[in-house]
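Peer 1: Quick mapping for you: the protein sequence lines, in order, are chains A and B. In this text, residue positions in the first sequence follow our numbering: the first is 194, and each later residue adds one. In this text, residue positions in the second sequence follow our numbering: the first is 194, and each later residue adds one.
No wet-lab data here; the hints were simulated from the structure. Here the structure is a predicted model, which means the values were calculated and not measured. Hints are supplied without guarantee of correctness; some may be wrong.
No copy labels: a pair is met if it fits in one copy or bridges any two.
In silico BS3-like links for lysine-lysine, alpha-carbon gap of 30 angstroms or less [said to hold, decoys possible]:
no. : residue 1 : residue 2
1   : K616      : K447
2   : K329      : K270
3   : K307      : K510
4   : K563      : K616
There are 2 protein chains.
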Amino acid sequence: MVSSQRVAVAESEPSRRLYRLDEIHRHNSTADSYWVYYGTSVYDITDWVPNHPGGEVILRAVGGNIEPYWNIFTIHKKQEVHDILEQYLIGEIDPRDLVEGKAPNDEVDDPFKKDPERSDALIVRSSRPCNAETPKDQLETFITPSDQHYVRNHLWVPPLQDAESHRLTIELNDGTEKEYSVRDLRNNFQHHTITATLQCSGNRRAHMSAEAQATSGLQWDVGAISNTEWTGVRLRDVLRDAGLQVDELPEDVKHIQFTGAEAYGASVPAIKALDRYGDVLLVFEMNGQPLMPDHGYPLRLLCPGHVAARSVKWLQKITVSEDESWSQWQRRDYKCFGPNQRSDVDWDRASSIQETPVQSAITSISTIAKDRLANLRLAQVYGLEEDIVRVAGYAMSGGGRGIIRVDVSPDNGRTWQQARLIKDECKGSKSWSWKRWEIAFSKHDLAKCVVVKAIDDSYNCQPESFPATYNFKGNLATAWHRVPV
Amino acid sequence: MVSSQRVAVAESEPSRRLYRLDEIHRHNSTADSYWVYYGTSVYDITDWVPNHPGGEVILRAVGGNIEPYWNIFTIHKKQEVHDILEQYLIGEIDPRDLVEGKAPNDEVDDPFKKDPERSDALIVRSSRPCNAETPKDQLETFITPSDQHYVRNHLWVPPLQDAESHRLTIELNDGTEKEYSVRDLRNNFQHHTITATLQCSGNRRAHMSAEAQATSGLQWDVGAISNTEWTGVRLRDVLRDAGLQVDELPEDVKHIQFTGAEAYGASVPAIKALDRYGDVLLVFEMNGQPLMPDHGYPLRLLCPGHVAARSVKWLQKITVSEDESWSQWQRRDYKCFGPNQRSDVDWDRASSIQETPVQSAITSISTIAKDRLANLRLAQVYGLEEDIVRVAGYAMSGGGRGIIRVDVSPDNGRTWQQARLIKDECKGSKSWSWKRWEIAFSKHDLAKCVVVKAIDDSYNCQPESFPATYNFKGNLATAWHRVPV
Numbered sequence: 194m195v196s197s198q199r200v201a202v203a204e205s206e207p208s209r210r211l212y213r214l215d216e217i218h219r220h221n222s223t224a225d226s227y228w229v230y231y232g233t234s235v236y237d238i239t240d241w242v243p244n245h246p247g248g249e250v251i252l253r254a255v256g257g258n259i260e261p262y263w264n265i266f267t268i269h270k271k272q273e274v275h276d277i278l279e280q281y282l283i284g285e286i287d288p289r290d291l292v293e294g295k296a297p298n299d300e301v302d303d304p305f306k307k308d309p310e311r312s313d314a315l316i317v318r319s320s321r322p323c324n325a326e327t328p329k330d331q332l333e334t335f336i337t338p339s340d341q342h343y344v345r346n347h348l349w350v351p352p353l354q355d356a357e358s359h360r361l362t363i364e365l366n367d368g369t370e371k372e373y374s375v376r377d378l379r380n381n382f383q384h385h386t387i388t389a390t391l392q393c394s395g396n397r398r399a400h401m402s403a404e405a406q407a408t409s410g411l412q413w414d415v416g417a418i419s420n421t422e423w424t425g426v427r428l429r430d431v432l433r434d435a436g437l438q439v440d441e442l443p444e445d446v447k448h449i450q451f452t453g454a455e456a457y458g459a460s461v462p463a464i465k466a467l468d469r470y471g472d473v474l475l476v477f478e479m480n481g482q483p484l485m486p487d488h489g490y491p492l493r494l495l496c497p498g499h500v501a502a503r504s505v506k507w508l509q510k511i512t513v514s515e516d517e518s519w520s521q522w523q524r525r526d527y528k529c530f531g532p533n534q535r536s537d538v539d540w541d542r543a544s545s546i547q548e549t550p551v552q553s554a555i556t557s558i559s560t561i562a563k564d565r566l567a568n569l570r571l572a573q574v575y576g577l578e579e580d581i582v583r584v585a586g587y588a589m590s591g592g593g594r595g596i597i598r599v600d601v602s603p604d605n606g607r608t609w610q611q612a613r614l615i616k617d618e619c620k621g622s623k624s625w626s627w628k629r630w631e632i633a634f635s636k637h638d639l640a641k642c643v644v645v646k647a648i649d650d651s652y653n654c655q656p657e658s659f660p661a662t663y664n665f666k667g668n669l670a671t672a673w674h675r676v677p678v
Numbered sequence: 194m195v196s197s198q199r200v201a202v203a204e205s206e207p208s209r210r211l212y213r214l215d216e217i218h219r220h221n222s223t224a225d226s227y228w229v230y231y232g233t234s235v236y237d238i239t240d241w242v243p244n245h246p247g248g249e250v251i252l253r254a255v256g257g258n259i260e261p262y263w264n265i266f267t268i269h270k271k272q273e274v275h276d277i278l279e280q281y282l283i284g285e286i287d288p289r290d291l292v293e294g295k296a297p298n299d300e301v302d303d304p305f306k307k308d309p310e311r312s313d314a315l316i317v318r319s320s321r322p323c324n325a326e327t328p329k330d331q332l333e334t335f336i337t338p339s340d341q342h343y344v345r346n347h348l349w350v351p352p353l354q355d356a357e358s359h360r361l362t363i364e365l366n367d368g369t370e371k372e373y374s375v376r377d378l379r380n381n382f383q384h385h386t387i388t389a390t391l392q393c394s395g396n397r398r399a400h401m402s403a404e405a406q407a408t409s410g411l412q413w414d415v416g417a418i419s420n421t422e423w424t425g426v427r428l429r430d431v432l433r434d435a436g437l438q439v440d441e442l443p444e445d446v447k448h449i450q451f452t453g454a455e456a457y458g459a460s461v462p463a464i465k466a467l468d469r470y471g472d473v474l475l476v477f478e479m480n481g482q483p484l485m486p487d488h489g490y491p492l493r494l495l496c497p498g499h500v501a502a503r504s505v506k507w508l509q510k511i512t513v514s515e516d517e518s519w520s521q522w523q524r525r526d527y528k529c530f531g532p533n534q535r536s537d538v539d540w541d542r543a544s545s546i547q548e549t550p551v552q553s554a555i556t557s558i559s560t561i562a563k564d565r566l567a568n569l570r571l572a573q574v575y576g577l578e579e580d581i582v583r584v585a586g587y588a589m590s591g592g593g594r595g596i597i598r599v600d601v602s603p604d605n606g607r608t609w610q611q612a613r614l615i616k617d618e619c620k621g622s623k624s625w626s627w628k629r630w631e632i633a634f635s636k637h638d639l640a641k642c643v644v645v646k647a648i649d650d651s652y653n654c655q656p657e658s659f660p661a662t663y664n665f666k667g668n669l670a671t672a673w674h675r676v677p678v
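Please construct the entire structure, taking both the sequences and the accompanying hints into account.
Peer 2: This is the structure in structure tokens:
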């Protein structure tokens with residue numbers, strides 16, 4: 194249905210309306226409505242601001258030229274973003290303000306210029322903000338090397354150089370605040386070390402796009418996942434010290450909100466955040482070294498068993514609340530809708546992703562000739578004597594649910610066998626880490642696709658195919674992983 | 194591979210070996226090997242005893258005629274059970290002990306003779322032990338009437354007439370014991386009331402058998418599930434009173450074992466059993482009345498979010514342990530294997546079913562003519578003005594994970610719409626109850642099958658079809674429910 198407002202705008206032919214630059218400049222972040230220009234066109238993006246996937250950082254650009262920001266946040270350089278902008282067209286810049294037919298190209302401060310150096314091996318999906326996945330050969334070990342951990346930044350890496358003096362503010366439900374330096378946390382609370390896998394909600398999104406329909410967002414393959422040994426102090430211990438009754442939560446304490454120094458925010462249900470066996474940590478070390486800048490130095494949250502988007506990096510503030518975080522990333526993103534639903538959904542009707550469903554993926558397929566099978570335990574386990582194909586990968590579930598079985602099919606799902614689950618040194622109260630697995634088939638038995646599906650200890654299993662779990666955001670792409678052979 | 198023992202038996206032609214009755218009688222429950230006879234044939238069932246689905250109750254029959262027990266436990270009267278017995282044939286009864294060609298038919302005590310009267314409306318799947326499902330029209334309300342609650346008895350209903358004097362023994366990990374009467378529990382601990390759905394691991398097994406392959410066990414339709422308001426005291430409070438440190442569990446406390454008065458036993462991981470938000474109760478009331486005899490009178494465990502098999506009825510003993518229950522029902526039953534695995538599995542390699550995966554089913558499909566749509570809210574919600582078909586049912590997940598969405602397809606999975614989740618009065622720390630749902634379609638849009646699938650708040654979803662989740666026990670039959678229209 195076309196609204197009367199839309200009709201009115203159409204009737205007034207916005208492409209012919211002209212605006213002076215000083216009028217555009219007045220529609221900045223202090224105004225009631227937000228305008229930007231791109232090329233020589235003018236847009237009123239007021240209605241878009243609450244839907245912007247990057248949150249309120251968009252307010253930096255309003256009142257001026259949006260192009261220099263898109264040059265920095267290069268993730269915008271695609272048709273889909275242009276199409277969204279065109280919906281908000283209200284007119285053109287008055288030719289009196291153009292120089293040689295062009296609008297002035299404002300200089301803007303580049304918040305990414307202090308982003309750290311990164312391994313060349315990471316597979317970059319967007320450079321500003323940096324989103325880069327772990328290469329397959331680095332997914333082959335239980336612990337992922339820190340510099341090979343996938344990077345998922347929503348904005349820039351905030352320059353927080355001094356680990357000792359960085360301060361965390363905790364606001365309780367009664368409004369009182371208490372501050373801790375990282376040094377306080379390190380010195381005054383018991384340290385805990387756990388292993389935990391972080392996985393982006395978009396891991397394997399490219400598979401959903403290929404096997405169902407197009408999805409928005411970064412097109413990750415199998416590498417938006419990594420496993421790490423994390424050291425820190427329990428959130429539970431710190432909040433108790435700050436004055437919260439962590440074992441008998443007051444009625445008005447339902448969510449714990451977290452805010453990062455770059456403006457990212459998210460929250461976790463209080464029952465999980467404070468669970469004695471939930472292992473939610475304020476982390477300052479990964480794999481025995483200080484956190485890397487991309488992974489939250491000097492302090493981050495680790496909420497194991499939950500989608501990585503809740504483990505807020507560069508942690509600056511914790512708020513004990515009755516409400517979920519009000520951030521874009523809690524309320525308008527990291528949710529799934531039905532396969533029939535599109536972007537005009539009522540966002541409040543879907544639950545924010547917290548614990549994740551069971552997932553698995555193939556990370557390696559290699560042939561081993563029969564003359565090299567002597568002493569190869571895998572060949573013995575599966576009783577193979579001819580040329581074999583070794584298939585390996587990971588399996589993972591949320592909520593601390595362990596992986597109890599991995600079924601692999603050499604022939605596109607016609608027959609199945611059980612993979613060998615590789616022994617590891619998983620640390621923590623529950624199963625927070627992925628399970629690496631391997632299996633071997635006779636080369637003759639391979640047909641069409643190798644397929645993997647995993648089962649967790651609640652006997653949840655992965656969906657067979659993508660169409661029925663398709664969601665337009667492309668989140669939680671967990672259907673069976675099929676690799677042609 | 195045929196073992197040398199098997200070969201030796203075959204060579205000696207067991208069908209011609211003859212045994213005197215007094216020798217058979219000596220192979221009773223006090224002997225090293227267990228013999229029975231059936232008709233005039235003799236069987237050494239020693240190796241079968243640990244695999245018997247009914248547990249050690251089979252020892253009542255050894256040393257004599259098994260037929261009167263099968264007349265009581267009528268669940269045995271099928272070819273599959275005869276086939277198992279034939280594997281253990283060792284010979285024939287000596288004709289000198291036969292009367293007119295028949296062995297004596299021992300009188301045995303019938304433990305079922307004190308089983309209670311039951312509603313005629315229940316759909317009986319086996320009468321001894323009683324296993325009966327809730328009829329579909331009684332699955333239409335949030336709370337199931339107590340006398341319509343599905344019955345899942347592994348053995349008989351033990352005659353425990355005196356609620357006040359029935360005693361519960363608690364054995365701690367250090368071996369110390371403490372006793373409580375039901376009166377003690379009721380008078381000395383805080384009461385809690387929660388709503389929780391119990392579901393048999395075999396619910397919808399008939400669908401798996403029909404859509405994949407034959408399964409063993411009771412062929413339940415959609416009614417091995419019911420929802421109840423339960424009242425009792427927290428297991429956590431009672432175990433703390435008995436001397437257990439419930440918030441900092443000793444290293445050797447991993448499982449809490451439960452034993453019923455009829456000999457049934459099971460266990461639950463200690464972290465769940467003692468979780469402050471786990472709502473594990475020692476229950477004495479259902480729906481505001483004393484427990485019904487079939488449901489555990491005078492005392493049962495309620496472990497919400499877990500498969501019903503862990504909520505032990507007629508509770509007599511609790512053992513705090515490092516080990517899972519050693520019962521048949523913990524170690525040899527209520528497990529799932531891969532679709533390729535058969536009954537020669539290594540039982541210890543599969544996890545016992547505890548929290549259950551997401552499930553849903555259709556319980557009602559009805560047509561409403563267009564002249565009766567006035568004021569029908571459902572028709573308004575879905576914007577329908579022609580003859581409609583209302584589809585309704587339940588959805589449920591384990592572990593306290595709530596149902597966040599129910600997708601229903603009118604055309605065998607080609608298109609989907611979201612069902613309306615019916616508001617209810619769910620009580621407890623987490624989502625322990627099923628969610629009832631309904632949806633309406635235009636009659637014209639129905640094609641082939643109506644299909645339902647549900648999504649829980651960890652975004653777990655049901656498998657599309659049965660073949661890939663088939664397991665020979667037919668447990669956890671949770672594939673999409675398809676009903677032809």
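Peer 1: Please work out whether the CA atoms of K329 and K270 approach to 30 angstroms or closer within one copy, between two copies, in both situations, or in neither?
Peer 2: So K329 and K270 pass the 30 angstroms test inside one copy only (27 angstroms; across, 56 angstroms).
Peer 1: As a check of your reading, is K307 near K510 (CA-CA no more than 30 angstroms) within one copy, between copies, both or neither?
Peer 2: Close inside one copy (22 angstroms), not across copies (64 angstroms); limit 30 angstroms.
Peer 1: Within a copy, between copies, both or neither: which one fits K616 and K447 at a CA-CA cutoff of 30 angstroms?
Peer 2: between (37 angstroms within a copy, 21 angstroms between copies)
Peer 1: Classify it for me, K563 with K616: is the Cα-Cα distance of at most 30 angstroms met within a copy, between copies, both or neither?
Peer 2: Within. Shortest intra-copy distance 26 angstroms satisfies the 30 angstroms Cα cut-off; inter-copy 62 angstroms does not.
Of the hints listed earlier, there is not a single one the structure fails to meet.
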